[in-house]
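Take these sequences, add in the hints, and give me the full structure.
The residues making up each chain are set out below.
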Amino acid sequence: METSHHNQSWLRKYVFSTDHKTIGLQYMFTALTMLLIGFIFMMIMRWQIAFPDLPIPVLGRWLPARLAPNGVMTGAFYNSLGAMHGTIMVFFGIVPLAVGAFGNYIVPLQIGAPDMAFPRLNMLSYWLYFSAAVFILASFFLPGGAAQSGWTSYPPLADFNPGQTSWILAMILVITSSLLGAINFLTTIINMRAPGMTLWRMPIFVWSEFVSSVLLLLAFPPLEAGSVLQLMDRVMHTSFFLPKEVMLFGVLYKGSGGGQPLLWQHLFWFLAHPEVYILVLPPMGIVAEIIANNTRRPPHGYKIIISSMLFIGALSFVVWAHHMFLSGMSPVLANFFLVTTMIISVPSVAILTCLIYSLRGGSIRFNTPMLYALAFLPMFGIGGLTGLPLGLTPTDIYLHDTYYVIGHFHYIVVTGSIIAMFGGLYFWFPKFFGRKMNDTLGKIHFWGSLVCMNGIFFPMFITGMAGESRRLWVPTAQVHDLAVQPWNVVSSISAWALFLFQLPFIYNFFHSLFYGEKTVENPWHATTLDWACPSPPPHGNFAEPVRVYRGPYEYSLPGAKHDWLPQNLESEAAL
Amino acid sequence: MMSEAAAMDMPHVGSSTGVTNAKLGIWLFLASEVMLFSTLFTTYIILRLGSSSWPRGWNVLNVPMGTLNTLVLITSSVTVVMAYAKAVERKRGQFRLFMGLTIALGVAFLIIKGFEWGAHFKAGEFPSSSIFLAAYFTMTGLHALHVIGGLITNSILLVLSEKQWDHPLFVGRVEAAGLYWHFVDIVWIFLFPALYLL
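Chains as they are written, first to last, in the working numbering: chain A, 1 to 575; chain B, 1 to 198.
Just so you know, these hints were derived from the structure itself, not from any lab. This structure is a prediction, so every number in the text was calculated from the model and none was measured. Heads up, a few of these hints could be off.
To be verified - Here are the computed lysine-lysine pairs in the DSSO-like style, where the Cα-Cα straight-line distance is at most 27 Å:
# : chain 1 : residue 1 : chain 2 : residue 2
1 : A       : Lys-244   : B       : Lys-122
2 : B       : Lys-122   : A       : Lys-254
3 : A       : Lys-436   : A       : Lys-518
4 : A       : Lys-518   : A       : Lys-443
5 : A       : Lys-13    : A       : Lys-518
6 : B       : Lys-86    : B       : Lys-163
The following block contains the structure:
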């Protein structure tokens, strides 16, 4: 066990590693793969939405007849893909990428720590996540197939639908992984800071991971409990979420009764609303880092941004029921959640305003990471503003469960979180691998993705406002949807085009990994500690103990010779 | 189990707050555990308030056995504190005595619980029989899993006291395990009246 870390075996160094950087990269590769898989599921579904009941080209011939007889997908298969798309993207793609990958790799570096507080626990977190990911994909091949009840898994349907048990088990694994990870991050950030790294000297990204970890720690257990209850309902035939008799698919199910289907919705959204902020806070942190670095000026309102994040974190625990305005809730309660929802939009706007204002007077470098960070600002703005009508009961009654909701949510997580994390990948790639990614390919990837993403999601606002319901297997089945069907085609074609624009990224990623332009310790002339160690950093990160002398963003100091002054240097003379 | 690696990997780790990582970590873990069990208690309250025929606990459950189990667990909370105190005083023999007692009491708790469950099953009472029994079996079952987790941790510490008695982090680990064991105990102190007596 006590092998010196300089001559570890290959297995210990690259597979069962306890080094936060290796684990971060493991998270990154797994999460990017899961994002691609979730995206492929969606591309298959988009065929059915654009051209219902026509055989799927190419892929249709390969799918087994039980899923797609004659190449036309069945409703059950459509539902499976939908449920898996949501689950995989949220729990197995974006959160592991934002927290597991970026958090693991960058947070210890930015606070000047040699590793996470509990390196072995960190390894356990990753392998729990990995097993859960394998398991949820394997569920397609189990009897009953993959879960079909949407990523929200509302009972009573979820208590009876085939495939749901494997969904629950995978969720329990991934929740446990996230809980252990959150404990690790919080302990690391609280306790492992280098001397001089006071709380108000921590980079915004570290703060964003801190708030996200608090949310993970406190919001996930209720869903874990809920999952256990649903597991009991399915395996031990209890009725936590069921009345005495349920009629489903023409079959009458009888149980002991006494349960409440609404209870699950409360437990689910008690997690899943804070979850939305777990999805956006770390990307906001990434954007703040990139903007500070590429405007060569300190971000406007460092303390405002961080206070807003803390405020969002606290308030995100009391907004969950705005997802349930139409679930049969007392109007008094609905008013409460309406008000908290309106209040929570204020700090989000404050953060966005600070970031936009940070551009003023900067000398902006338009490199690939910066393009992504700049695109995040208006795109996240659209996502946020379109959310307001959903938080207000009068308008939500009309828009609830339409494509409008899907459009809003995806503007937040795709043109928001994913755009920001692409920027983060280009930004920290030199740190990860000691080589730069190609800028031209990066710009092709950027412009193509930005246009296609808007092409996918903007039409959803139009179809949604026309009253088209989400989760429709055959969207043309309802007459009022026929008029907007062309927009579904636009959306689908944009989705497939988006895939094509990911190819330059995939090529760029792997090509740069081996042949990219070699880079130095601090290629972007950044000030935070992650750039004060070699690229990639060795085991233990810093050659000698680090000491922090100043705040994280000392760019363009008046009278200074250079336009950046790293946190770990006592004076400019050492630069 | 994060034993020596945490310390060995990182020779120059300071503590920004003066609290050890293990202690901070276990408190954070307990915070999430509080959320887990409070969700179950909330569920219990909501289901009970919404039910027209919620049985009185003592009509369905075996109160003497539950009381006995409460005593067993409270005693084990005392012995685990004694074990910690002996670890601080560096008295290995007495540490092992008290840690052994803690483990024995934990096992006794599970055996008594097992008899209770066995009697229910024999009487044809299963989780699917009623919503009350569903809550009872789920909550005590999850609690029993936590007891088993504590037993494993305590047993590991008992074994490690052989070779790692002088490890700089050993006492801190005993303290962390003790905090966890207290938590398991406290959960039962809420479970017992909620299920048996109310």
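So, going through the hints one by one against the coordinates:
Taking the CA atoms of A:Lys-244 and B:Lys-122, the gap is about 24 Å. The hint holds against a cut of 27 Å. Only pairs whose Cα atoms come within 27 Å are accepted, and B:Lys-122 paired with A:Lys-254 is accepted, the gap being roughly 23 Å. A threshold of 27 Å between alpha carbons decides the hint, and for A:Lys-436 with A:Lys-518 the separation of about 6 Å falls inside it, so the pair holds. About 20 Å separates the Cα atoms of A:Lys-518 and A:Lys-443, which keeps this hinted pair within 27 Å; it holds.
At roughly 23 Å between alpha-carbon atoms, A:Lys-13 and A:Lys-518 fall within 27 Å of each other, so this suggested pair holds. Between B:Lys-86 and B:Lys-163, the direct Cα distance comes to roughly 17 Å. Compliance with the 27 Å bound is thereby established for this hinted pair.
Of the numbered hints stated above, none is contradicted by the structure.
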